[in-house]
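The primary structure of each chain is shown beneath.
Number of protein chains: 4
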Amino acid sequence: MDIEIGKGKTARRAYGLDEIAIVPSRRTRDPEDIDISWGLGDLHLDLPCLASALDASIDPRAAVVIGQLGGLAVLNLEGLQTRYEDPEPVFEEIASLPEHKATRILQQLYEEPIKEELIFRRVQEIKAGGVIAAASLTPQRVEKYHRAAIEAGLDVLVVQGTVVSAEHVSQSVVPLNLMDFIPSLDVPVVVGGCASYSTALHLMRTGAVGVLVGVGPGRICTTRGVIGTGVPQATAVADAAAARMRHYFETGDYVNVIADGGMRTGGDVAKAVACGADSVMLGSAFAKAAEAPGRGTSWGMATFHPTLPRGTRIKTRITGTLEEILIGPARENDGTLNLMGALRMSMATTGYQNIKEFQKAEIMYAPSFHTEGKIEQRSQGVGMG
Amino acid sequence: MDIEIGKGKTARRAYGLDEIAIVPSRRTRDPEDIDISWGLGDLHLDLPCLASALDASIDPRAAVVIGQLGGLAVLNLEGLQTRYEDPEPVFEEIASLPEHKATRILQQLYEEPIKEELIFRRVQEIKAGGVIAAASLTPQRVEKYHRAAIEAGLDVLVVQGTVVSAEHVSQSVVPLNLMDFIPSLDVPVVVGGCASYSTALHLMRTGAVGVLVGVGPGRICTTRGVIGTGVPQATAVADAAAARMRHYFETGDYVNVIADGGMRTGGDVAKAVACGADSVMLGSAFAKAAEAPGRGTSWGMATFHPTLPRGTRIKTRITGTLEEILIGPARENDGTLNLMGALRMSMATTGYQNIKEFQKAEIMYAPSFHTEGKIEQRSQGVGMG
Amino acid sequence: MDIEIGKGKTARRAYGLDEIAIVPSRRTRDPEDIDISWGLGDLHLDLPCLASALDASIDPRAAVVIGQLGGLAVLNLEGLQTRYEDPEPVFEEIASLPEHKATRILQQLYEEPIKEELIFRRVQEIKAGGVIAAASLTPQRVEKYHRAAIEAGLDVLVVQGTVVSAEHVSQSVVPLNLMDFIPSLDVPVVVGGCASYSTALHLMRTGAVGVLVGVGPGRICTTRGVIGTGVPQATAVADAAAARMRHYFETGDYVNVIADGGMRTGGDVAKAVACGADSVMLGSAFAKAAEAPGRGTSWGMATFHPTLPRGTRIKTRITGTLEEILIGPARENDGTLNLMGALRMSMATTGYQNIKEFQKAEIMYAPSFHTEGKIEQRSQGVGMG
Amino acid sequence: MDIEIGKGKTARRAYGLDEIAIVPSRRTRDPEDIDISWGLGDLHLDLPCLASALDASIDPRAAVVIGQLGGLAVLNLEGLQTRYEDPEPVFEEIASLPEHKATRILQQLYEEPIKEELIFRRVQEIKAGGVIAAASLTPQRVEKYHRAAIEAGLDVLVVQGTVVSAEHVSQSVVPLNLMDFIPSLDVPVVVGGCASYSTALHLMRTGAVGVLVGVGPGRICTTRGVIGTGVPQATAVADAAAARMRHYFETGDYVNVIADGGMRTGGDVAKAVACGADSVMLGSAFAKAAEAPGRGTSWGMATFHPTLPRGTRIKTRITGTLEEILIGPARENDGTLNLMGALRMSMATTGYQNIKEFQKAEIMYAPSFHTEGKIEQRSQGVGMG
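Top to bottom, those sequences are chains Z, P, U and F.
Numbering of the first sequence is given in the numbering used here, commencing with residue 8 and proceeding in unit increments.
Numbering of the second sequence is given in the numbering used here, commencing with residue 8 and proceeding in unit increments.
Numbering of the third sequence is given in the numbering used here, commencing with residue 8 and proceeding in unit increments.
Numbering of the fourth sequence is given in the numbering used here, commencing with residue 8 and proceeding in unit increments.
One or more of the hints may lead you astray.
Which copy? The list can't say, so a pair holds if one copy fits it or any two copies do.
[As the list claims (entries may be wrong)] Derived DSS-like pairs (lysine-lysine); straight-line CA-CA distance at most 30 Å:
#1 LYS367 to LYS14
#2 LYS122 to LYS134
#3 LYS363 to LYS14
#4 LYS108 to LYS322
#5 LYS108 to LYS14
#6 LYS108 to LYS122
#7 LYS134 to LYS151
#8 LYS122 to LYS322
Read the hints as simulated data drawn from the structure, not as lab findings.
Produce the complete structure using the sequences and hints provided.
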């Protein structure tokens, strides 16, 4: 149902994850009976969780830990890891920068060229840990750099930009044709971000095994503030899930919908799945890990844009280890630890046995829940003990 | 009317108590003429108010005081009272814990096993006060421990978990069949929480005399943040009230709907009844009492969950005695004292004589009232003096 | 259009003044051409503004000043002025009370009995100032005390409670029958508060010349917090205006709709009129006056309720004289000074010539305007210079 | 679809820019391929951005810089520049005033008469910089002062008030008839503000080349607080764009819609265009420039209104040069720098090639995005690098 913004201009109503809630079904289940595993192409993964290619969160070491826990970390192949032989002093410097200089210095530090041999080496470092290796390149650079990564044994290639369309128009360069490029590779490809039914469908038709869904998905997203674009995540995920069904109907291929961004707590993760996601990609959640290379600071990959930076280097609180963040046990209470345990608990409490079932969970539009604030103590927690 | 979240995913609109207001009818009444009593099974209770089984709020002594005032306190039979012969030093310790250690130590303190003899003794202590004794057990433990409580003279058994369904599915244990269990007992049973028409109806069919309604009911509820589930309380209560009517129509049995959680002020209590509740269950309201065992701290029964704690031990302000909180007189102004006097005043002002009438009160959806903040002084209060 | 809160429970959508905005018409006018006068019964008043019967705002001296400026102040005949021969030391004491004792001491100070001779004297003091004298009594006490006031020369009697209905039901006393009482008096009567079409209509049928509209009208109103009742003011005023039209159609009598409460700025006043009000009654706005007896503190008439106080004594900032507040000139910018000048400017800017025309102004539902906050500088103000 | 506020009072739903978001289309583009130029009458302008006639932002020097960058600054011909031979000491004084005296002193400083010779001289100073000269007068004074400006070489005359209608009614003066006045001039005229379809249409019919759209457009606008009038900007712009189409259809003349006010970030600018604006007028954005005459303070042209001041002199943070604010590069991240680069990036990301195309962009109603707050780091920014 379209809304009239003004005479002759209509808009669709879109919903954010913070506006919805999952409704308990008639059943309840034991958390330990819940199956949250999923498949990405031919790969089987224990946890429906990818870690975004944020320099502050993921280096080869962190990627190995996450992989061992059952998740899948994506290394940024255009970040500090592939620009610097030894990135550690660079991270040290960034962490120690005063607030007002951070953006400027980041812009400078990222001017250092990307080196193919470092791409090769970083992917090898992940493979050496015995886990699935995933890494990301932008559409602009993927043709140039993907070979080094694949030769090093890359298992999953992520082609990722703020917005990736199947039809990029350029007057200066011949843009990457994803339709040709993706099928030409020997590794499965995840591509995004996108945020609509039609773009998701087009990206699915490129032969990708997964589509990242999320463009300015959260209410505190800089993309939205700086350039005004974005689709609230509940709507974006549900739309992409509908595209997945159509694509499956047309081709028999099931392409994963990976909700990317706009999620902070286990509740957000659960709601993204309940809207239709097969998996989630989390970013700043992992910058809070003791193992994170950011050393208590975090920044996005648009923070150092040479002319239009978005976001800034922020201080972040170290809340636990990667293990505590991902699968617990949690010793804190704000919903950002034991994210997968929370998903499991959410499914148990509402009575859904696996991801596929949970994607069909009943949800409510409950805007009264918007406000975040003080903790209300409930007595009922006992039941889940 | 369903809302389209995205293509193929719809959601029902649900409302919180803070989004509604009670509309004055054509009549007004004297507060002293209002009857707020109710019946739970064969028991007659002066005040439509239960106190939740929170360790920080209810010990046998507090339960006796609340019972003498006309309310009904529920003792937690899986809490500190039944794990420790002398719980007083434990409460002392908890109250003195620094913030950052609280969750961890709580997790340890609650590892102490539950003892049947203490269950027996605590119930006896309440009975010795000459009041109705109510106590709670989780579905997981109720079969093991209920006998000790009933032998000690328990009047009302509360079977309570975050979410309780009539159909729990487990691969590891044979789950409690409430349909068999509840009718087998000699004491009336209250069961919950639930938050939908169908689950409420199923729980009513187990033979329970009351159903607790509330799953993540408030906007500041940790259940919602951590696991994303919940139903705003106005909708949950109205749905359960509709289930009560159907059940009554089918069986002739009237099962009480007890709104549990999401209420802080007398206004919230009044609104829950106006949505159809027969009674309310309040938690943190009583942790603010001078008599509360928490000594100015409070925590929920999910706070010490071994792997997924929700909530934390919080500092709470002592605002008055149990008597002042429940029936006044109030010497404060924020709506959290003289809760039953406020309910009475609300009914008098809007012209409704008893709980049954008030359940049919006209309400408005008034989201402009969301924001809480400064006090506006009005001149009209005199009229009710 | 009713909204479904839950199965079988519906609610009407109601709107607050802060959710609406007045839309400019095709015309603009000069502020000095705007006529904001109105008539209350046979009285002609320059300013469509009454001052509420708040002890902290209105004493006989303030009432005289407001009357001389063209407004109409209502003296509280059950407040400190009629309980104390010399109320000045009492005001001194209240202003000096520490926060935590204020409610308690207020409760005690208001236990002093009301004295008929003081009712007589205070009304005389207003009359001596050469202005229209208005004063308020509650329905419970009006029969006992109104004679003293009328004998002293009272011009307008205000019968006011939190909620006043035309049909009060009591088991202990024979309630005041407004239908008999009001026509029996020689002075015009204003009665309220009410907040619905039917109650407004019933009160109009009592023979009152004005009806006060407002029950828990604002989002920060204590009535709503403590007892959960209330109707957002835009809806309440529009409903009462519709009742006024029906009453006029049936009887030929035009009864004034006076919006009472929920207004803070000139914009709020303008919006109340644009919803249909003939006049507004302001409370805390006048406690900010240099002449206010509250000496920088303010409290409502429910603050000292013996068992269920609502509101508290608050500190308030002295922002200007009564003249500056009412008709300017303003030397501040937050919308709370020169309230009548603002109304005039609002009408000029949107092109409406008098109150009757302005009641039909086009309004918009604009919830994006909810948030109050920082000032945005505009360049266009020049046009109104 | 009209909304019922109360019985017999309806309101149209209006939307603010902060409630909407721009949806990516199927295409993406390179930022450097985007054309954001536009035409105002016969003038070609590189940047769709006017600077409001705020004394604190625009003096002849700043106007020249903005003009050289491709924008169009409007000088206030009723401000300090035309009242004082040497305004520099006046700006110094204002910048140094303590908070509580600012409004009062501003009221006094603006009592100094406007001088025709200074109007002439200031316009000449802009012309001397080799850029298009634009300046504003209010409807009340434009007849008296426009000649001096035009003689000095003015290129664009802006006739601007809080609300300008084509039909001003006055009992004291013969109001300016825009229908006669505008066609009589040799320079193109921009006129406003207005905020509705019909007023925009009437102003277009006066022969103006551009119409300013915006009356109390933002949620923090003082016009709304003080006088209660306003139309949220997304709706106002869309309505005016519809009027533009009708006017074009009737006359063949394309009159520019210039969104004025309610925009702070590049995202806001993009959204205004996506609602149908040809260009935007920004105010406080330029007070943050190093070159701004306000020296870190800012005030609106209603701040010094003699009896009803709106707004106040505020402290503002100097964030960059006019160049950095308008076309970058940005060294900050909050969306207020490189505003035109952000617009370009927004169009590239969503796949629109020029302003005309972007006016038809798909938008969403996404109220969950209301809240502004912390920065969320995203990994996808790389794609736009």
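Compare the structure with the hints numbered earlier in the document and write down the numbers of the violated ones, lowest to highest. 5
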